[in-house]
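Chemist: Sequences are here, hints too, so could you generate the full structure?
If you're matching them up, the sequences are chains A and B in order.
Residue 45 in our numbering sits at position 45 of the first sequence; the count goes up by one each step and never skips.
Residue 5 in our numbering sits at position 5 of the second sequence; the count goes up by one each step and never skips.
It is worth saying that the hints were derived from the structure and are not from the lab.
Idealized CB from N, CA, C, for every residue including glycine.
Among these hints, one or two may not hold up.
What the hints assert, rightly or not - One side only, chain A facing chain B, incomplete, derived with CB under 8 Å:
{"no.": "1", "residue": "H44"}
{"no.": "2", "residue": "D45"}
{"no.": "3", "residue": "G105"}
{"no.": "4", "residue": "T129"}
{"no.": "5", "residue": "G150"}
{"no.": "6", "residue": "N152"}
{"no.": "7", "residue": "W153"}
{"no.": "8", "residue": "L177"}
{"no.": "9", "residue": "R195"}
As the list claims (entries may be wrong) - No more than 27 Å apart at the CA atoms, straight line, and that leaves these computed lysine-lysine pairs for DSS-like:
{"no.": "10", "chain 1": "B", "residue 1": "K74", "chain 2": "A", "residue 2": "K188"}
{"no.": "11", "chain 1": "B", "residue 1": "K74", "chain 2": "B", "residue 2": "K342"}
{"no.": "12", "chain 1": "B", "residue 1": "K318", "chain 2": "B", "residue 2": "K351"}
{"no.": "13", "chain 1": "B", "residue 1": "K318", "chain 2": "B", "residue 2": "K185"}
{"no.": "14", "chain 1": "B", "residue 1": "K351", "chain 2": "A", "residue 2": "K188"}
{"no.": "15", "chain 1": "B", "residue 1": "K74", "chain 2": "B", "residue 2": "K318"}
{"no.": "16", "chain 1": "B", "residue 1": "K74", "chain 2": "B", "residue 2": "K351"}
{"no.": "17", "chain 1": "A", "residue 1": "K69", "chain 2": "B", "residue 2": "K351"}
{"no.": "18", "chain 1": "A", "residue 1": "K188", "chain 2": "B", "residue 2": "K342"}
{"no.": "19", "chain 1": "A", "residue 1": "K188", "chain 2": "B", "residue 2": "K185"}
{"no.": "20", "chain 1": "B", "residue 1": "K185", "chain 2": "B", "residue 2": "K197"}
{"no.": "21", "chain 1": "B", "residue 1": "K351", "chain 2": "B", "residue 2": "K185"}
{"no.": "22", "chain 1": "B", "residue 1": "K318", "chain 2": "B", "residue 2": "K342"}
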Amino acid sequence: MIPLSSPEVVDTPAEVDEARQGVLDGLAAELGDAVVGTHLVAGHDVWARVTREAWVEAGFVVRDRLGFKAFEFLSAIDWLPSPYGKYEDSPTDPRPEPSTEIVTGYAGGDTRFQVFARAHSLTQRLGVTLKVDLPDDDLVLPTWLPVYAGVNWHEREVREMFGIGFTGHPHLVNLYLPGEFEGHPLRKTFPLLARHVKPWPGIVDVEPMPGEAAAPDDAAAETSTETDGEAGA
Amino acid sequence: MTAITDREKLAYANAQAADGRVNLEFETDEGMTLNMGPQHPATHGTLRIVVKLDGEQVVSCEPVMGYMHRGYEKLLEVRTYPQVNTLINRIDWLGSFANEVPFILATERLMGIEAPPRAQWIRTIMFELSRISNISLFVGDMALHIGAMTAAFYAFRDREFVLNQIESVSGGRFHPNYDRIGGLKDDLPKGWGADTKAAMARIRDFCDEMETLVEGNEIFQARARGVGVIPADVALQYGLTGANLRASGVDWDLRRDEPVGLAWNEVDWNVITHPDGDSFARFWVRVQEIREATRIVDQLIDGLPAGPVMAKVPRIIKVPEGEAWVATENPLGEMGFYVISKGDLGPFRVKIRTASFNNISIVPWVCRGVYVPDVVTILASLYFILGDIDR
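Modeler: As structure tokens, then:
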């Protein structure tokens with residue numbers, strides 16, 4: 001019989017991930033203090049956060065010394081919790097006071113906006129995600145164009161979607177949005193108007209499963225989580 | 001003779017653009033600007049290409065996107081995890097099932113669950129079926145762009161056999177919406193394996209047909225060979241993936257190198273590469289890839305393990321805090337989802353890395369100095385789906 005999978009099965013590879021640790025060691029050796037945060041999930045992925053001054057150099061180190069020849073993507077994250085509430089908030093009740101606490105993810109961070117980029121190594125068969133903090137009053141980063149030529153459109157997209165500038169980019173015009181568009185849509189402060197005009201109906205009419213009494217959602221979630229462990233084998 | 005005002009010229013040009021033809025937009029001192037699209041047939045979808053010409057030669061070529069930008073990254077922030085599936089089906093609409101897989105895998109990684117083996121195998125089969133239906137259309141489509149109409153009809157005809165198989169499993173021809181966090185919606189119907197193998201045999205015949213009909217054709221070779229050559233290091237710089245990268249001689253396929261739990265490494269197949277890096281190589285690699293995909297499907301159906309198709313997951317899916325990146329080798333190239341969770345019902349941010357976006361970003365580089373008809377050949381051979389660029 002083929003066993004059902006369970007959380008225990010997946011969480012076991014906690015052994016040392018030498019290849020990915022090697023990437024972090026290489027970055028630390030080349031950049032020194034400029035690496036301000038790292039994170040490693042053994043067997044899956046590796047993250048490193050560098051200072052803004054070292055952003056371009058970090059790109060060259062990753063490409064040339066560590067062998068990450070293939071460029072994947074560059075984008076940004078706005079860590080501010082959405083002032084318009086979460087999905088699970090009821091559309092009819094008064095909205096809870098939005099949180100303004102900024103909690104960043106892997107490899108840490110001190111600012112609301114972070115730019116992150118990813119490159120891949122064909123020989124080592126692994127990728128690395130680089131992050132960089134940007135202070136709110138100075139959302140500018142030197143362009144990565146000398147590192148990976150393919151970053152061109154990605155930086156244009158970040159510029160229009162997040163309002164982050166890239167010095168040295170030759171053609172930083174809108175990629176998707178019309179030229180006169182105001183605002184930066186992927187910022188959390190930019191409202192998704194469709195949701196404000198009409199509340200999402202899915203949240204209102206939650207149907208009970210057949211043969212099940214209409215129970216509060218949280219209670220249903222609790223009970224089904226508890227049965228998980230037993231179903232492991 | 002009455003002088004024609006600029007305004008009239010522009011009105012005429014716009015009317016022509018609406019007609020969907022390559023047409024003259026305006027003339028400048030340095031040369032001529034051609035405006036292809038947004039509804040030109042060679043741009044399938046609404047991609048607009050502005051080409052500056054010196055005589056017949058292209059001075060610069062700039063794709064203009066955004067005519068189909070749907071803002072998925074923003075929309076996903078107000079969806080729950082199961083709801084995301086429906087939207088991302090529509091990114092690359094010719095290989096829809098393949099879009100679902102990387103997102104589901106990223107979510108499963110964050111939740112620390114894994115689908116049972118049978119589900120992983122069926123996912124792999126469906127993934128390859130989407131690849132076949134997607135790429136077989138490319139084969140007809142590229143021939144059509146070069147002027148051979150017949151191949152397109154054959155492609156539409158034979159793709160239907162694959163779509164029927166996808167439909168009988170999931171109920172959807174184009175948008176299966178079949179993958180679930182922790183497994184699959186349903187098991188396969190009875191007798192499906194035999195039918196699918198018959199369809200695979202037809203697809204192999206289709207490949208033979210295309211090889212004699214298109215690849216062997218002198219005109220096709222003259223139009224495609226040596227046109228739009230992309231060297232391997234440039235391809236990597238621009239983040240090209242998939243068949244475009246392998247046609248430049250780079251032996252890299254995520255199916256073999258990072259199968260992320262799916263069943264590709266359980267069966268025998270080959271990664272196809274071609275050293276030339278021109279449009280013909282890209283066509284050739286894709287035709288061979290259909291063949292390999294049919295082999296994968298046949299073997300997977302034979303070895304399909306028994307068991308459940310769904311792991312135990314809570315009814316209401318809350319994903320623990322964390323970040324995960326999962327990429328798979330989709331029909332158009334590498335597609336990846338970078339999912340950031342804050343422990344809520346829906347993702348905090350999703351970055352969608354699509355293959356076509358990077359693949360098309362090389363167009364300004366590769367089209368410099370080519371002749372006008374070659375622009376169409378190059379665009380067709382790079383193969384993009386507009387929804388996959390604009391998201």
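Chemist: Does each hint fit the structure? Answer for all of them.
Modeler: A quick look at each hint next to the structure:
The interface hint given for H44/A is met, as the beta carbon of that residue sits about 7 Å from the closest beta carbon of chain B, less than 8 Å. With a cut of 8 Å, the hint placing D45/A at the interface with chain B holds, because the nearest CB-to-CB distance is about 6 Å. Taken as an interface hint, G105/A checks out: its beta carbon lies about 5 Å from the nearest beta carbon of chain B, inside 8 Å. Interface restraint check: T129/A against chain B, minimum CB-CB distance 7 Å, threshold 8 Å, status holds.
Evaluation of the G150/A hint against chain B yields a held restraint, the C-beta minimum of about 4 Å falling below 8 Å. The interface hint given for N152/A holds, since its Cβ lies 6 Å from the closest Cβ of chain B, which is under the 8 Å cut-off. Against a cut-off of 8 Å between C-beta atoms, the interface hint on W153/A holds, since the closest Cβ of chain B lies about 5 Å away. Interface hint status for L177/A: upheld, as the beta-carbon distance to the closest one in chain B is roughly 6 Å, under 8 Å.
Annotation: R195/A was flagged as interfacial toward chain B, and the flag holds, the nearest CB pair being 6 Å apart, inside 8 Å. Restraint check for K74/B and K188/A: the C-alpha separation of about 9 Å stays at or below 27 Å, so the hint holds. This hinted pair checks out: K74/B and K342/B have alpha carbons roughly 16 Å apart, not beyond 27 Å. At most 27 Å may separate the alpha-carbon atoms for a hinted pair to count; K318/B and K351/B meet this at roughly 19 Å.
Our distance criterion of 27 Å between C-alpha atoms is met by K318/B and K185/B, whose separation comes to about 19 Å. A C-alpha spacing of about 14 Å is found between K351/B and K188/A, which places the hinted pair at or below 27 Å, so the restraint holds. Taken as a hint, the K74/B and K318/B pair is honoured in the structure, with Cα atoms around 19 Å apart against an allowance of 27 Å. At most 27 Å may separate the alpha-carbon atoms for a hinted pair to count; K74/B and K351/B meet this at roughly 10 Å.
Restraint check for K69/A and K351/B: satisfied, since their Cα atoms lie roughly 21 Å apart, inside the 27 Å limit. The suggested pairing of K188/A with K342/B holds, with an alpha-carbon distance near 14 Å, which does not exceed 27 Å. Between K188/A and K185/B the CA atoms are separated by roughly 33 Å; this puts the pair beyond 27 Å, and the hint is violated. With a C-alpha separation of about 22 Å, the suggested pairing of K185/B with K197/B holds against the 27 Å cut-off.
Between K351/B and K185/B the alpha-carbon distance is near 25 Å, which keeps this suggested pair within the 27 Å criterion. Simply put, K318/B and K342/B have alpha-carbon atoms about 10 Å apart, close enough for the 27 Å limit, and the pair holds.
The structure fails to meet hint 19 from the earlier list, while all remaining hints are met.
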